[in-house]
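Student: So the chains spell out like this:
Protein chains: 2
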Amino acid sequence: MNNNWCVIMAGGIGSRFWPYSRNSCPKQFLDFFGTGRSLLQMTIDRILPLVPMEHILIATNASYRSLIREQLPEISDSQILCEPVRRNTAPCIAYAVAHIRALTDDANILVASSDALILDVEEFRSMIGRGLLFVEKNDALLTIGMRPTRPETGYGYIQFEKGEDSLRKVKTFTEKPNRELAEVFMQSGEFLWNAGIFLWNMQSIWRCFEKYLPDVLMPFVKIRKDLGTPEEQRAVDRIFPTLPSISIDYGIMEKADNVYVLAADFGWSDLGTWGALHGLSERDENNNATLHCNADYYDAHGNIVALESGKLAVVQGIDDCIIAESDGVLLVCRKQDEQEIRHFVDDAEEKYNGKYN
Amino acid sequence: MNNNWCVIMAGGIGSRFWPYSRNSCPKQFLDFFGTGRSLLQMTIDRILPLVPMEHILIATNASYRSLIREQLPEISDSQILCEPVRRNTAPCIAYAVAHIRALTDDANILVASSDALILDVEEFRSMIGRGLLFVEKNDALLTIGMRPTRPETGYGYIQFEKGEDSLRKVKTFTEKPNRELAEVFMQSGEFLWNAGIFLWNMQSIWRCFEKYLPDVLMPFVKIRKDLGTPEEQRAVDRIFPTLPSISIDYGIMEKADNVYVLAADFGWSDLGTWGALHGLSERDENNNATLHCNADYYDAHGNIVALESGKLAVVQGIDDCIIAESDGVLLVCRKQDEQEIRHFVDDAEEKYNGKYN
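The listed protein sequences correspond, in order, to chains L and C.
Each residue of the first sequence is one higher than the last, beginning at 2 in this note's numbering.
Each residue of the second sequence is one higher than the last, beginning at 2 in this note's numbering.
Looking at chain L on its own, in the form it has when it is part of the complex:
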């Protein structure tokens, strides 16, 4: 067995995909494309040749433990790391790293989200394999950067230093740019999309947590004797609510000086929005995408329609809308306003006491 480990972050609630993604079953647990495998299951399938099953950890919210047991029966209970409350990515990763350290000092760790879409799995494996070899031999924090195919304003960007190799030092991380800036980024050839995939060895990430986020790491050091024992959950439940909510990007990646990026091209999408899903789905000649259901369109263009399997949608005279129904909730919303969906969810939660969340 090799010393590669993988941490899959699977605690998100995916509210931007409401009502399809729900509190009770967020998008990572859904079979988005009707392939028979959920996004989480596809994520595991992708990394299995690189990382032994026993070295895969699923970091999630406590409420999703049973869903994960159901979808991943081959994963043992101790491989599911449950956060009692949501605290963004840095505390999540600190917990996973501390958990691994309680088992071994020698680990190359891949961190990835559970809800991304990756089209070219062979290329993904080849790139991750190269990355794991690199971090095994180097004191480096490695990210995967996707060569941009469009001036996307929904992603963060990574600027890398000039050079020939596809693996180079990172110059800057950039937040989601406006359209104009995104065009400049894309034309410059110096920017990559930040895919939120990280690789590092135990020593490198541990030192960075000690240096940049001691408040996040130290509570785990203090409960070290409980990690890997039946006491782990109780100890984590105690310290986790006290941790600051902070992202790994902001807390470490943007501050460390040994950050590298591997430019890749494996057809990645964070599947963050209905609009992104529309762009990735098969569409008819009028640019309508239909997921799961039957749909007939009349004088309708640029819509994405997702009803439950077996249902029929008839859509007439409507352009550029999201029409999504799941489990008693129907959303009809302009694609351009999909950032509002979060507010609809909040409003509905308050108005109907969480009945539709």
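Read the hints as simulated data drawn from the structure, not as lab findings.
Take the hints with a grain of salt, since some may be wrong.
Given that identical chains are not distinguished, each listed pair holds provided it fits within a single copy or across any two copies.
[Unchecked claim] Cut-off 27 angstroms, straight-line C-alpha distance, at most; resulting in silico cross-link-like pairs (DSS-like, lysine-lysine): (1) Lys163 <-> Lys256; (2) Lys312 <-> Lys177; (3) Lys223 <-> Lys212; (4) Lys356 <-> Lys312; (5) Lys312 <-> Lys336; (6) Lys312 <-> Lys163; (7) Lys312 <-> Lys256.
For clarity, every value in this text was computed on a predicted model and none was experimentally measured.
Assemble the complex: chain L is given as a structure, and chain C must be docked to it using the hints.
Tutor: Only chain C this time, still in chain L's reference frame:
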């Protein structure tokens, strides 16, 4: 027991209300307003003080017999007149009249549809009571005309002769007018909406069938010995497909010279379209009407939303649309194009082998 009879026409398929109204359960069988009573049941409730239960006949399509038994357990099987095929209103009424004549020569007959909405039930009963008295004493075909409240282009109009009384002779029947003409009709004060409610005595209507529609009446005369016996259905099934498809308006009312109209004002709607239903429903400050379900609107105006009870619709950025879902079919359609719904139903029937009809 009085000699008033009532024929309720309940054979329509209501395809303009698809997907809410379906082949398997057309609109007359639906509880449109969530009151606990279907339109058919409300129709019976309305006429019961005027007509004995035993004198009520339901004329329908053979496929709805069991639905009617279910909704009207107080009606005996022999009161359900089943047409094996659809042939418009004249053959339907000829059948009912012949059926009654086999039981009695002395009858005042009210003919009404099963799927209209009537808001002022007391006024309805008062008017129908007056009408029944009138046709008992006069050789007249009496219709009920509604005083128009708007220049509706979806209804036929009745022009009546000048006079003081609200019961007058009819001058002309007019098909659905265009907008301009409808405005003129309304302003003239001489036109009423044709509500498709008829009253006559047995002798009057029989003579008219003999004179204007002998092709429709004679086959029933020939099977007279079977009517009111266990052989009735078999005999009707044999002759019905041979009858011409023709409306009572075109076949008799527009031709006879003893046609009268009683002008009434009891809040009638034929509930023919989603648009009409929108106009009759309670609406929020943005003119959105919600039926059965919960609905939240954001920057949305003039919509009618009808999902199954208990569901939630969130509608954003959409104006003047029909959003209706029932039993696995969702329709999103501009209100102004609702006459297209028939075509959607036809297309879906062909494409999905009737699965969604």
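Student: Next, verify each hint and record whether it holds.
Tutor: How the hints compare with the structure:
no.	hint	in the structure
1	Lys163 <-> Lys256	within (20 angstroms within a copy, 92 angstroms between copies)
2	Lys312 <-> Lys177	neither (37 angstroms within a copy, 36 angstroms between copies)
3	Lys223 <-> Lys212	within (17 angstroms within a copy, 103 angstroms between copies)
4	Lys356 <-> Lys312	both (23 angstroms within a copy, 10 angstroms between copies)
5	Lys312 <-> Lys336	both (22 angstroms within a copy, 22 angstroms between copies)
6	Lys312 <-> Lys163	neither (52 angstroms within a copy, 56 angstroms between copies)
7	Lys312 <-> Lys256	neither (50 angstroms within a copy, 48 angstroms between copies)
Comparing the model with each earlier hint shows violations of hints 2, 6, 7; every other hint is respected.
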